[in-house]
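Participant: Chain residues, written in single-letter form:
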Amino acid sequence: MNFDPRFSGRKFTSVGTRPIRPDGVDKVTGRARYGADFNMAGQLVGRVLRSPHAHARIVKIDTSKAEKLAGVKAVITAADLPDLTNGDAAMYDVLDNCMARTKALYDGHAVAAVAAVDARTARQALKLIEVEYELLPHVTDVDEAAKHSAPLINDAIFTEGLEEKPVKPSNVTKRSQFGHGDVHQGFGHADFIVERSFKTEQTHQGYIEPHACVANFSSDGTADLWVCTQGHFVYRQHCAQLLGMEASKLRVTSSEIGGGFGGKTHVWAEPVALALSRKAGRPVKLVMTRDEVFRASGPTSATSIDVKIGARKDGTITAAEATLRYSCGPYAGSWAEIGAMTAFACYKLDNVKTVGYEVLVNRPKTAAYRAPSAPMAAFAVESAVDELAKMIGMDPVDFRIRNAAQEGTRSSYGPVYGPIGIGPTLEAVKSHPHMKAPLGKNQGRGMACGFWFNFGGQTCTDLNIGMDGSVSLAVGTVDVGGSRASLSLVAAEELGIAYEQVKAIVADTSSLGYNDMTDGSRGTFSSSMATISAARNAIKILRERAAQMWDIAVDDVVWEKGHAIAKGEKHGNLGKLSLKEIAVESGKTGGPIAGHSELVADGAGVSFATHICDIEVDPETGATRVLRYTVVQDAGKAVHPTYVEGQYQGGAAQGIGWALNEEYIYGKDGRLQNPGFLDYRIPVCSDLPMIDTQILEIPNPNHPYGVRGVGETSIVPPLAAIANAVSNAAGVRMTHIPMSPPRILAAIEAEREWSK
Amino acid sequence: MRYIRPLSMEDAVGQLAGSSGTSAILAGGSDLLVRMKGGFIEPDLIVDIKAIDGLSEIRETPEGFSIGAAVPCAVLGESAALKKAWPGVVEAAKLIGSKQVQGRCTITGNLCNASPAADSVPALVAAGARAVVVGPAGRRTIPVQSVPTGPGKTSLAKGEIIEAILLDKRAPRSGDAYLRFIPRTEMDIAVVSAGVNLTLDEHGVVKSARVALGAVAATVLLVEEAAQVLIGSKLDEATLERLAKVCAGACRPIDDKRGTIEFRRKVAGVLAKRVATTAYARAGGK
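For the record, the sequence lines run as chains A and B.
The end of the first sequence is residue 756 by the UniProt record's numbering, with every number in the run present.
The end of the second sequence is residue 286 by the UniProt record's numbering, with every number in the run present.
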């Protein structure tokens, strides 16, 4: 395939418009089918028994009473999901997380599951399963867990990445380091240095739709799985591996998805549902409760971060250093490593060093959450940057502009940047009316920058042209944020037809080749590239068919604005042929017309954003109100600007919740105290102002239309922007996220005491 | 599980009194159904009281108001007379849950759910509201604050049902108000709350007062000492500061997921000041 992905600078007809999304009507009328909306004749209800203990050895599980209960068709434990991972440590962790094997490692860890004829019977059966636990000491705090004296979660883990191989096991699974130059020397040249420590609490992605699936294992060894997921091909691979199946024998169909944000990139319930179905010989539907979603799925890391930044009087940063500790749950991860890579990515630095430590704790296995690990690092760094600007006496925007990375800058994590948007977003913020709006009493303004890598990956797409001239587009990338609308626009653009003529669907795993999941802000970037490629392949065939209809050489046929045109003077009397006219005749000219594309979308292009936020703080109660919020972000090219704005607003809204109120609260017993939306406080509508957006378009040179991923960067700056705003409003630097009213009031009181 | 929908108080009381096993009374169901769905309870008998004659009405009597046990909180907000007489009680009832929940939930249910953080209870206690209790032994009227005895526990005996909540006719120059602290703007549960009910003399001096605090002890607190601070004052700055101090001191809060002891004490004082100021203005004080 000779597809040229380079940016071409073309003028657009469809791309950049804002039509209604194809999945919209079904979603607002309740017809759309989400994970729990699939049903099969004879299906059973699956339910999972979970450990009430933070850390315990499983001495014995007796399922005999549950098995004897009328209506129970299968009971499974780890014995029904034997270890077939063959030395793949990461997959073994996934398996153990799906069903605890020797130890329960957190409150909510699955230890057994049942399938029964109805929910009541299944619930009763769970009560009849007898689990004998031997309680072990637990640790849930990231700093406590990193200490030598902490209870060990896995005594087979020795810290990786140290110069000398450690002799004792540790909860710190890995050390990673990034940077260049000599920070020690750099700090020597600084006139001002800010050094601070920060903490962020653990948050959940908070998707409204719980995990849900229906598994149907046939006696011939094949199986079907209907599931809400961000990546059905990945779920297929993982489930097949864990159940000892060939991937081709498992067909996975993705449902509509009620939010994922990274949390639906990992399997939890699906292998369990398949194992139950295999044992019961009937379809099994497994839907998590909200309590289970909080206790056992998600969440992101809790962190503890030390930052040190030095600058000269003229505002030039001379050195920057950070040590980042991220919780991984009870299994090894690379979350601190990503934090260490992103921490200083916005800046042009001669001397920079970041060190990340991955820390095991007795909490659920950390999962990706929208630009995973970057928001916490940005909170720490951007808070320190703000403080440093203040110390020097520079405007925080000017200070950042002075130190912003540019094309050609060597990034703090290694690569040299191409054309990037950090400078332009800062310039846009500097001239934005929001920055000049007056503030009232107890109100403060903050701003902050954010970075995210973005990803492309494997993509497979089919474009079929019907005999009526309509186009159906089958993609393997799950539509999480409106990509069916965006991809339809791209197909319409490329073919030169109306958006309404295109219908996009997400095909199942048996209909297309492997496709990476919707993560890394790759959905529209990668699948639009594949759609362009597929459309161009279809155009080639359309031209051939037109040439056949005209009986002229195909080289004399060009494709313009949805029509085949015979070029050259000798064909001057031939009228143009529309896509529809060619399609109608396709049965006589060689059969159906289609374009296919399979590619690895490289060159996703990094993404930057700068946010501005105004906050009012009640100094008597610590209550906060977000008064105004503005997002400025580079989209490369906004294919469907409404959904780009939606991504900007959504990231900001989640960031606001994280910054102000959301947190996992554990009791001394290691149990999660707030596994529900009442006490895990995501923002409600009335908590948020209208979030203003400004889309910048700095084309990505590695995409034909200049598209960059937009989904994740928007959650990176909010924690920092809000912390800077609250700090300015309250007159005290906030260093612990979330800035809940008790924390803000305590900080204000401490400051009052101190200044007495 | 058995569900019944009796048409009379006698029948309802009889069914409850005669039941073996666990039973629950269903009015709005905004607590009961949530707990059943969450798998926390599975009552053997559910007695739906919504069909009982008169229980879904607000009646104006010579003594004041009688609010039937099945009257949804949203309906309280639609009664102009009640809103005029007891704006604090109505604003408290209209803070429970969400708009949708308010279409179902009742102040009697809120009282009998016996949560220390119940929104309508501090306002009812400050208002001096009484509950009409009907049971196998007959009918009795008790102050609302004697109904909850601890988190999730009430003083009601087996077979007893609250039929109505009574609020007195208003004396001239009276006002009440309720405020709660929540980290969000709505759909939340009080971290601290305060209700104040005042009557002024013709010079604008507080003649009588009741101050209640919520979510700062196992049950809603009626703070007599705080009332004494207000009585005889025109709510000057020094009085309000004393009020805050007394209220903070009266709290017996706990540290939990919703707030710390320190936070609850401070904010109880702050809310008491703010809510007293509102009640004073509503009573016509300047």
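Just to be clear, a hint being listed does not mean it is correct.
Computed list of chain B residues with no C-beta within reach of chain A, every gap over 12 Å [to be verified]:
1) Gly97
2) Val205
3) Glu237
4) Ala244
5) Asp255
6) Thr260
7) Arg264
8) Val270
Computed list of lysine-lysine pairs in DSS-like fashion (alpha-carbon distance at most 25 Å, straight line) [to be verified]:
9) A/Lys756 with B/Lys245
10) A/Lys567 with A/Lys540
11) B/Lys234 with B/Lys207
12) A/Lys127 with A/Lys103
13) A/Lys27 with B/Lys153
14) B/Lys153 with B/Lys169
15) A/Lys390 with A/Lys313
16) A/Lys199 with B/Lys257
17) A/Lys11 with A/Lys668
18) A/Lys199 with A/Lys60
19) A/Lys147 with A/Lys127
20) B/Lys50 with B/Lys153
21) B/Lys37 with A/Lys127
22) A/Lys561 with A/Lys540
23) A/Lys668 with B/Lys99
Which residues of chain A face chain B? A partial, calculated answer using Cβ under 10 Å [claimed, not checked]:
24) Asp306
25) Lys430
26) Ser740
By construction, these hints were calculated from the structure, which means they are not laboratory data.
Note that beta-carbon positions come from the ideal geometry of N, C-alpha and C, so glycine has one too.
Participant: Now look at each hint and say whether the structure bears it out.
Facilitator: Do the hints match the structure? See the list:
1. Distance check for B/Gly97 against chain A: the nearest CB is about 10 Å away, which does not clear 12 Å, and the non-interface claim fails.
2. With 12 Å as the threshold on Cβ separation, the claim that B/Val205 sits away from chain A holds: the shortest Cβ distance comes to roughly 26 Å.
3. Interface exclusion of B/Glu237 from chain A stands, the closest Cβ pair being 14 Å apart, more than 12 Å.
4. Look at B/Ala244: its CB is around 9 Å from the nearest CB on chain A, not clear of 12 Å, so calling it non-interface is violated.
5. Taking the minimum C-beta to C-beta distance to chain A, about 10 Å, the non-interface status of B/Asp255 is violated against the 12 Å cut.
6. Chain A draws B/Thr260 into its interface by the beta-carbon criterion, the shortest separation being 5 Å against a cut-off of 12 Å.
7. The claim that B/Arg264 lies off the interface is violated: its Cβ sits roughly 9 Å from the closest Cβ of chain A, which falls inside the 12 Å cut-off.
8. In this structure B/Val270 is not separated from chain A by more than 12 Å, as the shortest Cβ-Cβ distance comes to only about 5 Å.
9. A threshold of 25 Å between alpha carbons decides the hint, and for A/Lys756 with B/Lys245 the separation of about 20 Å falls inside it, so the pair holds.
10. This hinted pair checks out: A/Lys567 and A/Lys540 have alpha carbons roughly 15 Å apart, not beyond 25 Å.
11. Distance check on the hinted pair: B/Lys234 and B/Lys207 sit about 10 Å apart at the alpha-carbon level, within 25 Å; holds.
12. A hinted pair counts as satisfied when its Cα atoms are at most 25 Å apart, and A/Lys127 with A/Lys103 qualifies at roughly 20 Å.
13. Restraint check for A/Lys27 and B/Lys153: the C-alpha separation of about 43 Å exceeds 25 Å, so the hint is violated.
14. For a cut-off of 25 Å, the pair hint linking B/Lys153 to B/Lys169 is broken: about 30 Å separates their Cα positions.
15. As the CA atoms of A/Lys390 and A/Lys313 are separated by approximately 11 Å, the hinted pair is consistent with the 25 Å bound.
16. This hinted pair checks out: A/Lys199 and B/Lys257 have alpha carbons roughly 18 Å apart, not beyond 25 Å.
17. For the suggested pair A/Lys11 and A/Lys668, the alpha carbons sit about 61 Å apart, so the restraint of at most 25 Å is broken.
18. Of the pairs offered as hints, the one joining A/Lys199 and A/Lys60 is violated, with about 39 Å between alpha carbons and a cut-off of 25 Å exceeded.
19. With a C-alpha separation of about 38 Å, the suggested pairing of A/Lys147 with A/Lys127 is violated against the 25 Å cut-off.
20. Distance check on the hinted pair: B/Lys50 and B/Lys153 sit about 23 Å apart at the alpha-carbon level, within 25 Å; holds.
21. Our distance criterion of 25 Å between C-alpha atoms is met by B/Lys37 and A/Lys127, whose separation comes to about 16 Å.
22. The straight-line distance between the Cα atoms of A/Lys561 and A/Lys540 is roughly 14 Å, inside the 25 Å bound, and the hint therefore holds.
23. The straight-line distance between the Cα atoms of A/Lys668 and B/Lys99 is roughly 36 Å, outside the 25 Å bound, and the hint therefore fails.
24. Given hint, A/Asp306 at the interface with chain B, is violated; its Cβ is 26 Å from that chain's nearest Cβ, farther than 10 Å.
25. Taking 10 Å as the C-beta contact cut-off toward chain B, the hint placing A/Lys430 at the interface is violated, the least distance being around 32 Å.
26. Because the smallest distance between the Cβ of A/Ser740 and any Cβ of chain B comes to about 6 Å, under 10 Å, the interface hint for this residue holds.
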